[in-house]
Amino acid sequence: MQIISPAQVHSVIVIGSGASGGMAAWNLTQKGIDVLLLDAGDKFDRSKYWTHVQPWEAQEREARGEMRPQFFLDTKEQPYTTPEGRPFSLTRVWGHGGKTNVWGRVSLRYSQMDLKAAERDGWEIPWPIDYSEIAPYYDQVERLIGVCGGTDDSEVLPGSKFLQPPPAPRCGERLLMRGMTKLGLPVVAGRHANMTRPTRGFPACHYCGNCGAGCDTASFFCSADHLLPFALKTGRLTIQSNAVVARILTGDDGLARGVQYFDRQTGAERQALAKVVVVGASCVDSTRILLNSKSSRHPNGLGNGSDVIGRYLCEQIRLNVAGYFPQLEGTPTRNDRGLGGEHIYMTRFNHVPAKRRDYLRGFGAQFWNTGASTYGAHYGSYALPGFGASLKQAVKRRHPAWFEVHPFGEVLPYAHNRITVDSSRVDRYGVPLPRIDYQIGENERKMTEHMADTVEEIVKASAGVLVNYKRGQLDAMGSAIHEHGTCRMGADPKRSALNKFNQMHEVRNVLVVDGSAFPNASEKNPTLTILALSWRATDHLAEEIKRGNL
Amino acid sequence: MATFDRSDIGRRQAIRALASSAVAAATSASWVETLTALARQQAHAYAAEAVIAAQNWAPRTLTAHQNDLVVAVTELIIPQTDTSGAKAANVNRFIDRVLTDAQPTWRESFVRGLTWIDTRSRALFKARDFLGASPEQQTALLTRLSAEGNPDKEEAIGRDFFQAIKSMTISGYYTSEIGLRQELGDNGPLFLPQFQGCDHPEHQ
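Taken in order, these protein sequences are the chains called H and X.
Using my numbering, you'd call the opening residue of the first sequence number 1 and step up by one each time.
Using my numbering, you'd call the opening residue of the second sequence number 1001 and step up by one each time.
Simulated from the structure, these hints should not be mistaken for lab results.
Where is the CB? At the ideal position from N, CA and C, for every residue including glycine.
Where hints are given, some of them may not hold.
[What the hints assert, rightly or not] Now the in silico label distances, taken between C-beta atoms and shown as ranges:
| # | chain 1 | residue 1 | chain 2 | residue 2 | range |
| --- | --- | --- | --- | --- | --- |
| 1 | H | Ser390 | X | Ala1058 | 30 to 36 Å |
| 2 | X | Arg1181 | H | Ala389 | 15 to 21 Å |
| 3 | X | Arg1181 | H | Pro198 | 55 to 61 Å |
[Said to hold, decoys possible] Below, a list of computed lysine to aspartate or glutamate pairs in the EDC-like style, where the Cα atoms sit at most 20 Å apart:
| # | chain 1 | residue 1 | chain 2 | residue 2 |
| --- | --- | --- | --- | --- |
| 4 | H | Lys470 | X | Glu1148 |
| 5 | X | Lys1087 | H | Glu60 |
| 6 | H | Lys460 | X | Glu1202 |
| 7 | H | Lys182 | X | Asp1101 |
| 8 | H | Lys76 | X | Asp1101 |
Assemble the whole structure, with the sequences as input and the hints as a guide.
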């Protein structure tokens, strides 16, 4: 195969255009730096989204041969492997904006508690930054993208200063709030990257509730709508679509000199050269690229003399509990669409001594699908007894009364939970596949018990009834889609891959700016922090470039 | 990321959770759960190349007799009342679509259930088949199959079948315009300037 090696050396190559890579490209171009952005997919066409297509209309459209946008990467195209008996559910979106096209939009700042958890309990390493260092970036991000939420700050969830007004809770959420308040559990307005006020020329959320189909009005944050077009306007951004990056190329000095990638449409191998490489391909794919970037100077993968890259994969555990409120049965069906997700959030509470138990870290809870579903009967309806007119009536009576509780808990970083690359299993380009070996331990099992107790208490206190309840049954590993830890930042180069500015300890012209840089997962959704961290890292990078250090 | 809010990713997760048995009755066979999950997925039409609304529809997986049987059983599950039932909502077409996409073993399990219900109707009622039984007899058989704690081992196949077709009927019916709009009353506008939230005075 012919290898085209263009002579042009770019200032910066950014790999990936989701939250982390999109932010890196946006910030660097705003600062006058030229960027070549490589994304493994194409642009999704917002004008062709099925945001407002009803289920039966979708069926008719598909009968006419139309296709809804295909956001998710098929494992047939890009497999990954797991050991027998330890499945891991990996979700990847290859295309401009990555997973921000369809993300859950929950936007929770990490607190000093999250960043310094390891300092307190001694488990692995703390973040090399304090909340006060990242707080100004959270401020900037929230103002830029538009995040709604309440003013109910706490030591767990700080920083509501720039939030837009939150939508009102649904009836079921009101009942859940009452129950939690009765129990002394902290419940706040949900914080989401849905704009409830027009922001930067984008219209406010119109509460159709179908964010997961992609937003055709770009009223929630998506990198492809809210960052990339503005970066392109500077004239300093070049986007190379369908560029599946395989390896970062290094020179004799051990520094990066560019990347090797494959054209997803033709399979052709290509190279692009740059003075700096910023990696933001999402945790698993970034880790795969680094581990596949072996050379004589980097025999264990790029910048991996410490052997930490690939290790400490940490995600979150989650329960998925459903039930209904008899108080709401038979009430008229309301429009509960809202902003496509719960309007309330239970923050972590187990740091309070009276609520503490014998495990490390904590959990919060979301409450998806509470209220009348807009795409059919709630799946709990399958368990209603009998059939006939009585079943039909029961489904209808219960339709407005459903609620769900989804506690998310932090999984500790363990050295044995790791991503490796397996040279015996390669993709269509001959590039070794990622292998994900991940399991939870005793700490998580104890936390699961506490999560289950808490769910049961909340349901009891709010007079709900559980349906098909299986105590402690966790969702599939990986299904929170919050992978972290495999290229972590830290103060000690022996125990971490990145410094406090996401720059590799061992390869100073490579930055890793996605969730893999997090030393621990926390119980929170990470995207807001990824955006803040990538902004901060690329601010530093821009200064280093201007100082002539890179 | 990560919400089975109204998000696509979330739905996928819920389907996975479903497939890992979170939802179907604890005693039911795995094929019941997988078909239930597939029906739920198809109800949201993520993979469906649906032909449900077509004028010249013909079943792709079911035989004519099996299709008639599915029409009858689904209409018994969700009958016409003051609103239309499963038959008017073409739930049989939805089920044929799900079966067409299902793995052969699941499909065979479902079809075995259809055969079983005819055989059982002959044994219990001396009827030609289920469709040849009286409405009272049909209802009596489904009542046995839906009864909790039915200890009759002979009827295990039928109970699994009933759970599967019931879940699939619920998925298909309530995602149809008839089910979602007319029956459940979901007519909420898709564009709101403001989300009102709960307006029940007693739940504030």
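Under the constraints set out in the numbered hints, which ones does this structure not fulfil?
3 and 7
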